[in-house]
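Convert by adding 1384 to the 1-based position in the sequence shown; the result is the number in the working numbering.
Calculated from the structure, these hints are not laboratory results. Virtual Cβ for every residue (Gly too), placed ideally from N, Cα, C. One should not assume that every hint holds.
What the hints assert, rightly or not - Keeping only pairs whose Cα atoms sit at most 30 Å apart, straight-line, the calculated DSS-like set for lysine-lysine is: (1) K1447 / K1538; (2) K1478 / K1447; (3) K1602 / K1631; (4) K1569 / K1695; (5) K1723 / K1478; (6) K1606 / K1559.
As the list claims (entries may be wrong) - Label pairs and their computed distance ranges (CB to CB): (7) A1454 / E1430: 28 to 34 Å; (8) Y1521 / H1627: 37 to 43 Å; (9) D1726 / K1473: 30 to 36 Å.
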Amino acid sequence: MLIRSKSPLRLGLAGGGSDVSPYSDIYGGLVLNATINLYAYCTIEELDSPEIIIHSYDANCFKTYPLAPALEIDGEASLIKGVYNRIVKDFNIKPRGFRITTYNDAPIGSGLGTSSAMVVGILKAFIEWLSLPLGDYETSRLAFEIERKDLALKGGKQDQYAAAFGGFNFMEFHKDELVIVNPLKIKRWIVDELESCLVLYFTGASRSSAKIINEQRKNTEKGDREAIEAMHAIKQSAVDMKHALLKGDMHALALILGRGWENKKRMASAITNPMIQEAFDTAIAAGAISGKVSGAGGGGFIMFMVDPVKKPDVIKALGTLSGFVMPFQFTEGGAHGWKIYDTDHI
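Taking the hints into account, I'd like the entire structure generated from these sequences.
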């Protein structure tokens, strides 16, 4: 039997960073994000042999391990091992042999929540395989604990919930790690118009968000007034953009996106760099209205708001740089898994 899962990546539209502790614990965070048709994929195949075979294309790990109740976290395929260890521990599962294969539509460190989407996707595969009683909130919370606590990977809380729930979501982050997900019902014409107005550009460079997030955390902890005021403004932008999105006001949305980027750059020194600035200068000169890096910053994907009639000009201009434009569409569904009983069907 085969078990497969797919988990959507997300665009962080507004409020990103306010979901990171300690800011979210002290002031509360608000984030607006939406999932897109780029995915993290996982396949689990049951084996008769007492071994665990890991094929992680993102981590470039292709290894076989003896069957054990816990796998050593040694820097190789940590996401897979972290999920496996918690599943066995939390649900008192008797280990059995399996092969697991994972890969992503986007590079790790691209700012689209790839790592969290992968953890959620791996969890969904195990949930489907073992019939575990976990809903979207429980899956998101467990994914967060695996990444941020078990594996000590720096980051916020929005990505796990975005991957599990899917669609457009306005998220609230409170102290004691309380998260409330408010799904937004966006009219179809608004979604179509937003897609028409957005250009998603990959800078050609992935980045580690840990350094940027550490600087943000330290700025909050030491009470850096400018950084905290910038984060307050970023959080408010999530509220403002939600209102603009629900009304289909693309002009207001573009202005909010631009203000959000200006405030985001005040949060940490490594959020922007000459490569990112060159992409902004090129896109704006070709007719883009505003833009913002998706994720922590420093590289990865940039989303630009553009008058749809000028979109070809912006795409052509960005084509002269070292990165590339990624076509995409917004999606409604979150992560899900399914079983394949006929393993000889391909």
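Taking the hints in turn, this is what the structure says about them:
1. The hinted pair formed by K1447 and K1538 meets the criterion: a straight-line CA distance of about 26 Å does not exceed 30 Å.
2. The straight-line distance between the Cα atoms of K1478 and K1447 is roughly 21 Å, inside the 30 Å bound, and the hint therefore holds.
3. Under the criterion of a C-alpha separation no larger than 30 Å, the hint pairing K1602 with K1631 is inconsistent with the structure, at around 37 Å.
4. Proposed proximity of K1569 and K1695 is supported: the alpha carbons are some 26 Å apart, at most 30 Å.
5. A threshold of 30 Å between alpha carbons decides the hint, and for K1723 with K1478 the separation of about 20 Å falls inside it, so the pair holds.
6. Between the alpha carbons of K1606 and K1559 the distance comes to roughly 19 Å, so the proposed pair stays at or under 30 Å and holds.
7. The hinted range of 28 to 34 Å is not satisfied by A1454 and E1430, whose Cβ atoms lie roughly 20 Å apart.
8. At roughly 26 Å, the beta carbons of Y1521 and H1627 sit outside the given window of 37 to 43 Å.
9. Hint check: D1726 to K1473, Cβ distance near 33 Å, so the stated range 30 to 36 Å holds.
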